[in-house]
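Asker: These are the residues of each chain, in order.
6 protein chains.
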Amino acid sequence: MLTKAVDELSESQSYKGLFHQHRDGEPLPSARVLHEIIDLARAILFPGYYGNSTINSHTINYHIGVNVETLFNLLTEQILAGLCFGSNGDCDCLTEPKREEAARLAAAFISQLPYLRRLLATDVEAAYNGDPAAESFGEVICCYPAIKAISNYRIAHELLKLNVPLIPRIITEMAHSETGIDIHPAAQIGSYFTIDHGTGVVIGATSIIGDHVKLYQGVTLGAKSFPLDEEGKPIKGIPRHPILEDNVIVYSNATILGRITIGKDATVGGNIWVTENVPAGVRIVQPKAKK
Amino acid sequence: MLTKAVDELSESQSYKGLFHQHRDGEPLPSARVLHEIIDLARAILFPGYYGNSTINSHTINYHIGVNVETLFNLLTEQILAGLCFGSNGDCDCLTEPKREEAARLAAAFISQLPYLRRLLATDVEAAYNGDPAAESFGEVICCYPAIKAISNYRIAHELLKLNVPLIPRIITEMAHSETGIDIHPAAQIGSYFTIDHGTGVVIGATSIIGDHVKLYQGVTLGAKSFPLDEEGKPIKGIPRHPILEDNVIVYSNATILGRITIGKDATVGGNIWVTENVPAGVRIVQPKAKK
Amino acid sequence: MLTKAVDELSESQSYKGLFHQHRDGEPLPSARVLHEIIDLARAILFPGYYGNSTINSHTINYHIGVNVETLFNLLTEQILAGLCFGSNGDCDCLTEPKREEAARLAAAFISQLPYLRRLLATDVEAAYNGDPAAESFGEVICCYPAIKAISNYRIAHELLKLNVPLIPRIITEMAHSETGIDIHPAAQIGSYFTIDHGTGVVIGATSIIGDHVKLYQGVTLGAKSFPLDEEGKPIKGIPRHPILEDNVIVYSNATILGRITIGKDATVGGNIWVTENVPAGVRIVQPKAKK
Amino acid sequence: MLTKAVDELSESQSYKGLFHQHRDGEPLPSARVLHEIIDLARAILFPGYYGNSTINSHTINYHIGVNVETLFNLLTEQILAGLCFGSNGDCDCLTEPKREEAARLAAAFISQLPYLRRLLATDVEAAYNGDPAAESFGEVICCYPAIKAISNYRIAHELLKLNVPLIPRIITEMAHSETGIDIHPAAQIGSYFTIDHGTGVVIGATSIIGDHVKLYQGVTLGAKSFPLDEEGKPIKGIPRHPILEDNVIVYSNATILGRITIGKDATVGGNIWVTENVPAGVRIVQPKAKK
Amino acid sequence: MLTKAVDELSESQSYKGLFHQHRDGEPLPSARVLHEIIDLARAILFPGYYGNSTINSHTINYHIGVNVETLFNLLTEQILAGLCFGSNGDCDCLTEPKREEAARLAAAFISQLPYLRRLLATDVEAAYNGDPAAESFGEVICCYPAIKAISNYRIAHELLKLNVPLIPRIITEMAHSETGIDIHPAAQIGSYFTIDHGTGVVIGATSIIGDHVKLYQGVTLGAKSFPLDEEGKPIKGIPRHPILEDNVIVYSNATILGRITIGKDATVGGNIWVTENVPAGVRIVQPKAKK
Amino acid sequence: MLTKAVDELSESQSYKGLFHQHRDGEPLPSARVLHEIIDLARAILFPGYYGNSTINSHTINYHIGVNVETLFNLLTEQILAGLCFGSNGDCDCLTEPKREEAARLAAAFISQLPYLRRLLATDVEAAYNGDPAAESFGEVICCYPAIKAISNYRIAHELLKLNVPLIPRIITEMAHSETGIDIHPAAQIGSYFTIDHGTGVVIGATSIIGDHVKLYQGVTLGAKSFPLDEEGKPIKGIPRHPILEDNVIVYSNATILGRITIGKDATVGGNIWVTENVPAGVRIVQPKAKK
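Chains as they are written, first to last, in the numbering used here: chain A, 3 to 293; chain B, 3 to 293; chain C, 3 to 293; chain D, 3 to 293; chain E, 3 to 293; chain F, 3 to 293.
Be aware that one or more of the hints could be misleading.
Taking lysine to aspartate or glutamate pairs in the DMTMM-like style, the calculated list, with each CA pair at most 25 angstroms apart, reads [claimed, not checked]:
| no. | chain 1 | residue 1 | chain 2 | residue 2 |
| --- | --- | --- | --- | --- |
| 1 | D | Lys266 | F | Glu233 |
| 2 | D | Lys238 | E | Glu127 |
| 3 | A | Lys163 | A | Glu232 |
| 4 | B | Lys238 | C | Glu247 |
| 5 | C | Lys6 | A | Glu28 |
| 6 | D | Lys6 | A | Asp9 |
| 7 | A | Lys163 | A | Glu28 |
| 8 | D | Lys100 | B | Glu233 |
| 9 | B | Lys6 | F | Asp267 |
| 10 | D | Lys163 | E | Glu141 |
| 11 | C | Lys6 | E | Glu13 |
| 12 | D | Lys100 | B | Asp94 |
| 13 | B | Lys6 | C | Glu247 |
| 14 | D | Lys163 | D | Glu103 |
| 15 | D | Lys6 | E | Glu103 |
| 16 | B | Lys18 | B | Asp248 |
| 17 | F | Lys163 | F | Glu141 |
| 18 | C | Lys163 | B | Asp94 |
| 19 | B | Lys163 | B | Glu233 |
| 20 | C | Lys18 | A | Asp9 |
| 21 | B | Lys100 | D | Glu278 |
| 22 | F | Lys18 | D | Glu141 |
| 23 | C | Lys226 | A | Glu28 |
| 24 | D | Lys226 | E | Glu103 |
| 25 | C | Lys100 | F | Asp267 |
| 26 | E | Lys100 | F | Glu141 |
| 27 | E | Lys6 | F | Asp267 |
| 28 | B | Lys226 | C | Glu102 |
| 29 | E | Lys235 | F | Asp267 |
| 30 | B | Lys6 | F | Glu13 |
| 31 | A | Lys235 | A | Asp248 |
From the derived model, a few chain F residues whose C-beta atoms are all more than 10 angstroms from chain C [said to hold, decoys possible]:
| no. | residue |
| --- | --- |
| 32 | Glu13 |
| 33 | Val35 |
| 34 | Tyr51 |
| 35 | Lys266 |
Part of the chain A face toward chain E, derived, beta carbon under 10 angstroms [unchecked claim]:
| no. | residue |
| --- | --- |
| 36 | Leu4 |
| 37 | Val8 |
| 38 | His60 |
| 39 | Thr61 |
| 40 | Tyr64 |
Rather than coming from a laboratory, the hints here were simulated on the basis of the structure. Built from N, CA and C at the ideal position, the CB exists for glycine as well.
This is chain A alone, in the form it adopts within the complex (with noise of 0.2 angstroms):
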């Protein structure tokens, strides 16, 4: 009875469409290895927090040495799972030419790191400085979904702009599942980034966010309509999500909509629509609720 099933399930037409061939010897994208990437990430970025290992300023080179060079080997491999993934078993990814493509674009990554974490810093002192409840600078990196958030946003973002397929995507949702935050990996964010408690936000692909912004929970930066091709598809890559300038500050569970700019040091109130540019400086609010 089972083997009724399994026959049906396995007739090819029953999944064409669904399924991804795989051909031997190619690298698959691995959620638990790109769980080890992240971590590995963090380790190198935020020495002595993540990774559980003891360590101090006399052995830290060989600690970062050896994350490094694991982070390379397992991003390598990835990065190449990314580069097959597209063409579904019928491609040239496993030849010596692809394999160094993957290995010049995982040490290109890794070039970025120090980069990615003077970045990052900003990031935490945002945090610390926007929370009267924080407490040291500490709590921020060990605690806080926004950190978690935007680091991996920012590592996807770096590969994003190394071209790497599929892989920076997986990235920004493995934060998503973990923080409820969605950050779009091609989304352009600024320095002194940061998100209060962070549940429900959405932050779309061709979002421009500047510097000093911050964002509260539930606040969505999406698209309002986005144009159809002839055959009713949506045309991809056009700018339909909203630029925040610098010092934006959005409250909870605003939802700014379409290609619109927030002005300068403007400020969105929490539950409101907007698909309108807010000039710089003005602060907008819903209107009061009825008793």
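Chain A is already provided as a structure; the job is to place chains B, C, D, E and F on it using the hints.
Answerer: Below, chains B, C, D, E and F alone, put in the same frame as chain A:
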């Protein structure tokens, strides 16, 4: 000193009502096993994506065979655990007939897998077509939280239709934890269903959703209030959640409450609270924010 | 080439402020161990549900004994890790008195477990009575994210009352990640507390919540703004979150900000932004949407 | 090409006689579970050494309680697996009475644990007194392979006396693999038994060993030859291994074969082959080597 | 202070000759993976015993299919690792042709599995018939160390015939550690081969063993001495171990050395040292011990 | 009914002498951690073979740095556990000075690692030169049980020279279990030492072995008898095992007993029992077997 706490905590007065009494040999509902069950089901439904095993069209039959058999065994055990659970240690759960009932229900579920795959294929297509940022069906299957949440819901809904207790709810709560999308297993949902981003979505137990419906993050399909019985307890089983007809779109953070109907092709704007019917084709939005 | 990145990342200028210097032998706060601690605490508080071990009324005493002792040992270590954490490698954490202090705090926590069980029993009852879809206390304890989040909060709150640093916040953030419900460990919450669905709920550090309060998903109890000191940093410790008196209900996605009071028996409708007191018994709702 | 091998290997002619047909729901003898059972038994018999859990005289009762209950459950399952094993898929193993029989046997075994502890205490004492290099009872219990092998033998022997099939042999083979000491579970061995070093020791199924006997590494208590039945198969169950009376010492690599008796207080020298009775008190040695 | 040891240990003079230089991307021989390979091979050869998965005659085809495919993939990688190993970081191991060679060798091995199963069936039968204590084929397959050691040898021998370097030796050493039976993969061994108890058995690389041969524990088939080349190094590859013709029995702890022949049907007694031919049918024993 | 066994087993009379009383916070000797320690030591001593991590001459410094630091931390803990072990819950093991003593001993051990590597290099060379079947140093390091047993012995011997209790014996027993070679950590063994095959070898605590010595499987260097004190207990610490001078070869299963000397260049044949001095250069063998 610890002994005092142990004694207090072991006193039967102290735990009555909170204690699940367990009979020797009875299987327990197990989050770990249910995770394994979901991983197997996803591996069967979307061959080559989950489960990390290499797989190609020559060997897919072997993999599906083993996965289906393993799924059958684990599910039989968990269904039996669900059947036992309610009885709190005082049932005939370990008898041969109960075990056979569990096996029969597991087999009935498995015979629905080809149907579930066809249905989920429509959801994947809807997610792909509805998101300009989506680059391939593969990316949607791998990364999109909506696909995870809807898969778990569709699996749980089949089990609930077979009157399996407890297990369906645990399965949808697993997806709730993973994705922030909370779909009650008793909700009825048509084909080509998609949810964008998804965190914070709530779909109540008596909701009815047509085909080609799209929800955004933070949308609630909830109950407005519920009648109490003479003891002041809510009466169970009364239809109390909305009906969304075909092609409805609900934007982010909208809250739709009560047994109302959102008519065919209607659109509900973001961040609003809807407690009355919306006629077919109509678009409702939030009043303008004040600057 | 990797060597260059390793050297840059190992330079002390590059990581100062982001580095947790660790002294040999000092315990580390460990997410893995804290997960184990929460699993043990849940197994003690709700016997027979968590921990997967078979258990019945004859052997419950053995199980609680072993679980309490293991909890005591692990918690002593993590409390010590919390005490050490702040000192950044320059403290007397490894001395006998510090270890005895940690053990004393862990024992004090354990002596509160019977009280915590009584309190959580009221929360389970509230969740069951408040949800027509709930089928048994067992289902509520097993599946409801609110019970997970409130358990972690109540555990963390007891540790915070004992002045344990860092650990309480990690514990509530673990529940935040698992459920999307973010309750600060310093909030004060009465009995019979429940949260429906829960994703996106935020309860700030100085919030005060009475008995029999119910929140829905996406509700924020936040700060409106906070006074800065002369350096422009937020002043810590000022009451800045709402007070909810007994029997208050707050519907989904409502945002209540600032040190205001929502009076006894009041109801706050969904998707609104409340920044002023709401008198006892009053019901406030969103203005009507435009069609 | 692999398909051809799969087909050949799946043909029923190819595996008949080598195939263990398994009925759904039937427990399987599991090396992993039996290892766990041995670890539990060792933790109960030698409190504080095995199992790595902290334990002291106030809490020993809780630990033994949990360990005994867990042992009972796992052992019941493995005894049932042993009862099922012989029937090769065609038995009544899953019925209630079979399960009750397994539980009854497990309980009978557990009631012998205090006796086993008393007996093993004599073996520990013998090992300590017999080895000038031994520094404490603790070192003997922790490190000496003889204690591991004799513990497994004594456990297996009790199970064999209860007519549990297969499981006793797997348990002694586990010790054989760990220590190189091969004691058949059916052998009868008195108190204060010890084996020095132990690798290569073989004690056959019908051996009878008195009290205060000591063997060195490489000693064989074997069968000389065994009568065949009319089909040329060995006749099972005939006494064919040696009897060693009280206080016998056998030095390394000696081989004692057949149903002979080594009398009280006798000594057998190393590297010799003994096939005839040795009278009480006699010492036999190898002829001198030639230079 | 640790730094000094690290520096000394990292100096290239200090580790030359002991260092395995590794090229990026090159697979490594892995004990863990080889254990998995052996488990898979045993699961294929003896269906239903190893691997713990439930299996019956309807589903055996699926299980064997998945196991064979997984075995093929893991073995290809380990064969490639073996091919790379010798070259110490200076080879063409990562090129497409090397990978194809490894895959071709793995496939050739897999095509021999049906032959290996037939051969091992004779060994199981020999073990069962030769031991009055054996109760079923099942017990022999499950428990007897001889079957484990002979399985590993027969697998390793096939790989060695395919000129796979290093891997065969690791596989037989795994069995050596597990059982104390050390069979060199290059030895040639006929059908119906069995070893009783087995600890301490050594079978050298150029040994030739006929059909229906039985060895007891501690038997050595070794080299007497070996000619040295002009540098005083042993000359490799010269026949230097014994030939045992059909039906030979060798009792425990006998040592047979050099390229001698033990003729058909001969018997060698225990604890003796044999360095000259033994004619067919003859029985040799140890001189009597002195009392 | 289980309760009765639990009560008997928890009675203090029943476990006295077999109980290891444990003080809170005290580290325990842990087989798992000691396995990790041995794996780390092997990875440091033979870079690139063990530990499975990729490693090359540019990054070897990082790997050795991390491995040495981790080894130091784990070893400090286990040495402390060894120091505590003897005191059975009544010591000052948790004080700062005890911890510092443990750290000092661990550091002293680590400073000997370069010396250990030089010594083990001679053993590898001896194994390679002594076995015509050996194909490379790499094969010897990877596969030969002798190298595993001698590595553990040399590590344990250094710890024993530092007066670390218990831990050295556990380390050599781990190799005994893995290889069947039982070398007491107190034995003194020169350079270029090798053991062929090895199963069954026993080297007693007061043995002294020169340079370039080779043993075969089953060889015992044991005590003949040992003087008892007035209570009939063996007197500890008396030299009672053989001295083997340089270049001695002992063939398989030979037993050499008592404080005798096997002179330089002597050869001892297989399967014999030696209890008297053997002069330098002499070769002794077994008397001929009878046909």
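Asker: All the hints need checking, so say for each whether the structure fits it.
Answerer: Status of each hint after checking the structure:
no.	hint	result
1	D:Lys266 with F:Glu233	holds (22 angstroms)
2	D:Lys238 with E:Glu127	holds (16 angstroms)
3	A:Lys163 with A:Glu232	violated (30 angstroms)
4	B:Lys238 with C:Glu247	violated (28 angstroms)
5	C:Lys6 with A:Glu28	violated (30 angstroms)
6	D:Lys6 with A:Asp9	holds (20 angstroms)
7	A:Lys163 with A:Glu28	holds (24 angstroms)
8	D:Lys100 with B:Glu233	violated (47 angstroms)
9	B:Lys6 with F:Asp267	violated (71 angstroms)
10	D:Lys163 with E:Glu141	holds (18 angstroms)
11	C:Lys6 with E:Glu13	holds (20 angstroms)
12	D:Lys100 with B:Asp94	holds (16 angstroms)
13	B:Lys6 with C:Glu247	violated (35 angstroms)
14	D:Lys163 with D:Glu103	holds (15 angstroms)
15	D:Lys6 with E:Glu103	holds (20 angstroms)
16	B:Lys18 with B:Asp248	violated (48 angstroms)
17	F:Lys163 with F:Glu141	violated (31 angstroms)
18	C:Lys163 with B:Asp94	violated (47 angstroms)
19	B:Lys163 with B:Glu233	violated (30 angstroms)
20	C:Lys18 with A:Asp9	violated (61 angstroms)
21	B:Lys100 with D:Glu278	violated (61 angstroms)
22	F:Lys18 with D:Glu141	holds (15 angstroms)
23	C:Lys226 with A:Glu28	violated (54 angstroms)
24	D:Lys226 with E:Glu103	violated (51 angstroms)
25	C:Lys100 with F:Asp267	violated (62 angstroms)
26	E:Lys100 with F:Glu141	holds (21 angstroms)
27	E:Lys6 with F:Asp267	violated (40 angstroms)
28	B:Lys226 with C:Glu102	violated (53 angstroms)
29	E:Lys235 with F:Asp267	holds (18 angstroms)
30	B:Lys6 with F:Glu13	holds (20 angstroms)
31	A:Lys235 with A:Asp248	violated (34 angstroms)
32	Glu13	holds (15 angstroms)
33	Val35	holds (15 angstroms)
34	Tyr51	holds (23 angstroms)
35	Lys266	holds (48 angstroms)
36	Leu4	holds (8 angstroms)
37	Val8	holds (7 angstroms)
38	His60	holds (7 angstroms)
39	Thr61	holds (8 angstroms)
40	Tyr64	holds (7 angstroms)
Against the hints set out earlier in the document, violations occur for numbers 3, 4, 5, 8, 9, 13, 16, 17, 18, 19, 20, 21, 23, 24, 25, 27, 28 and 31.
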